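J.: So the chains spell out like this:
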Amino acid sequence: MDAHPGFPPALDYLLRLGDNALILGQRLGEWCGHGPVLEQDIALTNVALDLIGQARSWLTYAGELEGQGRDEDQLAFQRDAWDFRNLLLVEQPNGDFAHTIARQFFFDAFHHPLLEQLLHSTDRQVAAIAEKAIKEATYHLRYSSEWMIRLGDGTEESHRRMQTAVDDLWMYTGECCTPDEVDEAAHQSGMGASLTAVRKSWEERVKDILDQATLHRPEDDWMQSGGKQGRHTEHLGYILADMQFLQRAYPGMEW
Amino acid sequence: MSSSVALEQQFQERIDAEARIEPKDWMPDAYRKTLVRQISQHAHSEIVGMLPEGNWITRAPSLRRKLALLAKVQDEAGHGLYLYAAAETLGVERDDLLEELHEGKAKYSSIFNYPTLTWADIGAIGWLVDGAAIMNQVPLCRCSYGPYARAMVRICKEESFHQRQGYEIMLTLCRGTEVQKRMAQDALNRWWWPSLMMFGPNDADSKHTAQSMAWKIKRFTNDELRQRFVDVTVPQAEFLGLTLPDPELKWNEERGHYDFGPIDWDEFWNVVKGNGPCNKERIEARRKAYEAGAWVREAALAHAEKRRRRKEQSAQVA
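Chains as they are written, first to last, in this note's numbering: chain A, 1 to 255; chain B, 1 to 318.
In short, the hints are calculated from the structure, not lab data.
Hints are all accurate, no fakes.
Pulled from the structure, derived: some chain B residues nowhere near chain A, Cβ distances all over 10 Å: (1) ALA17; (2) PRO23; (3) ARG154.
Heads up, incomplete: computed chain B residues facing chain A, CB under 10 Å, no partners named: (4) ILE47; (5) VAL48; (6) ALA285; (7) TRP295.
Predicted model only: the values in this text are computed from it and were never measured.
The beta-carbon is built from N, C-alpha and C at its ideal position, and this holds for glycine as well.
So here's chain B without its partners, still in its complex pose:
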């Protein structure tokens, strides 16, 4: 008992000294579990997040936009790949994590349970959802767990490119015809509040924040990041000539921040619980892809095994 207390103390000292924890290092079980939960949720968010945007690949309005969107959704698959690999350094398997996702046991970012109804949604997602993701993720590049931090460095570079691309879609729409501007405003109206919800519950209600901050997995609280996102995004919306759907939004001179209206946490928790507009479709699409791919994965293994045996046999003959 006393030796584990000592280990934990040493571990915390390393964290406090900003040392990186690597896969073979000793770590408290709860630290490992927290990371597996967070990294796998993050990985799931990337691959579920492919679906709402993938919904518009076949309908992108120009070949240039089609290429950019394909590349973006592909990047998300790549992020999923790095993140599952980072989770695997903690002793879990990708297939097991996917099974939890398909059984509805694992969470992923709730924003992807909202539908993409028009082309402007592709712009709004890039601008707001990737924008919020960047706010959350940039501090993760300094996360105490090495493999996660390194994966995040690569991911953040691509995300910021996606965000500019999304904003550029919005800008093109806002400089276009009346109907295009209406499309942009409609998308903003629908994506604004879910984007604010992406930062998670208020600090007072966030059960993981304190411990995650002590472990330097998290560097800022949910409310700090949310405020930063609002402060950055308001002038961007003004530049587009769009109105944020929040009558209470206004600059607070004293705080040096924008004040904003209350978030509908009832909606948030309902979407988390599975009652969002697309929860069922998203999981169903992932499960279907996985199940329909089972024979492909089995065949690839079987073929590799055949090759290996043939090689052995020919080596024996020689």
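This is chain A alone, in the form it adopts within the complex:
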């Protein structure tokens, strides 16, 4: 097992894409059967299905690129937290529906413009996966934006809950659009996106939707970061304990 962050940038980049989708899909899967209303139970599960499908594509490609014979499942179920490259945002707990929607919206507002750029990746496999994923991400962004507005501009209680969620999650939004060496290298090679452009789109979208939702944009204070480099919050360990249980308890079996 890799004990250190020393993946080559291209592999690291693909793991970020795959792990974001996987961990957020895993979180949304926790809602299944417990949604606030049957229609939204179904809708959240749709998003989870899309994301896990995307995770499979990214992780499969990451395994191919790595060339050590690891497939999607080995990457999903046999890495420890320090080898996961997802944003801290996506591992945050579901909380109430407002927290789930805010987390989803902040992610979608990043994910959609990111995929838009990846459509033009010089890596044809990346462009192909992005092309399929962006159709889904378009729907996700519309869904989470609508619910931001509905709940922000709904009742007094929903407004309060939505503002709390936005405030609570704000400090996890910084790292998505802040490039590090891996992002820079991926962008320069033509494989990855320009996070400067993604940030611009993210800022505009977030401002627009928060305005429509009558929500206040928190001040840019200290931002948490580290997910992309494998330094996570305590939550990820529990997510993995759950997700990887069978593969860990009964290693090397077909399921």
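Given the coordinates of chain A, work out where chain B should sit on it, guided by the hints.
T.: Chain B only, in chain A's frame:
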């Protein structure tokens, strides 16, 4: 009085002629009540049934299995949706039906009060529970009440897919290691008898069967369907190399059916009454989801109302 007798006679004649009854048609009050009871129980079973399987979504052993399980549990939510809609055609509201569920007044399929303890339970539920559900539900596609029959056509298609998926999980386990096979056998041991109970009490003790059959809501009796299920399932278990937990199970040449041992009706009635291993948890989980979602539903209504008013105002200005 005589006119209602005449109406009832005409109604029965339509049923006998295999006509479909539609929401606006006249129907006896007892027919309507029977359908509301049956369809709402069925809808509740779908959404309560999401819980035991949902229990394994976060722990599914591969991404492919996770996707399939998520999609399956989502299908059940969809079935719940069609069925509540079918019940609503009879003049009841989804929220009222849910309230009855949350207060413990409404029934749902008792099988979902059993726990899912290992991954093999997900296979066993797909294979046996969905298998038994299909036996029960395929005849409902010809139910005399149109909206229910049409909902069942869609549901049955998906259920048969679920059943194959469940069987495939079992097959993978049975072709796997010793411990996986043990897991499969253990799940079969626990789910077999509750699956047979899914068909309901023996015909002699089933208070609704005769009338439901006359109304062509039901086409076969509980015991007929149960026998058919056993006959179909025994060779499937043999193919897996698993042993059904019934020492009395054997082929009866004369009847052309498998004989099987007595069902523990004491257990059945206790689980129905609320004494199953998970009755409290299941209802609690549903109630919690509903109550925690109240503010979301209220906000959605409030926002829609705000939009409507704004639209009106801007129309007036224009």
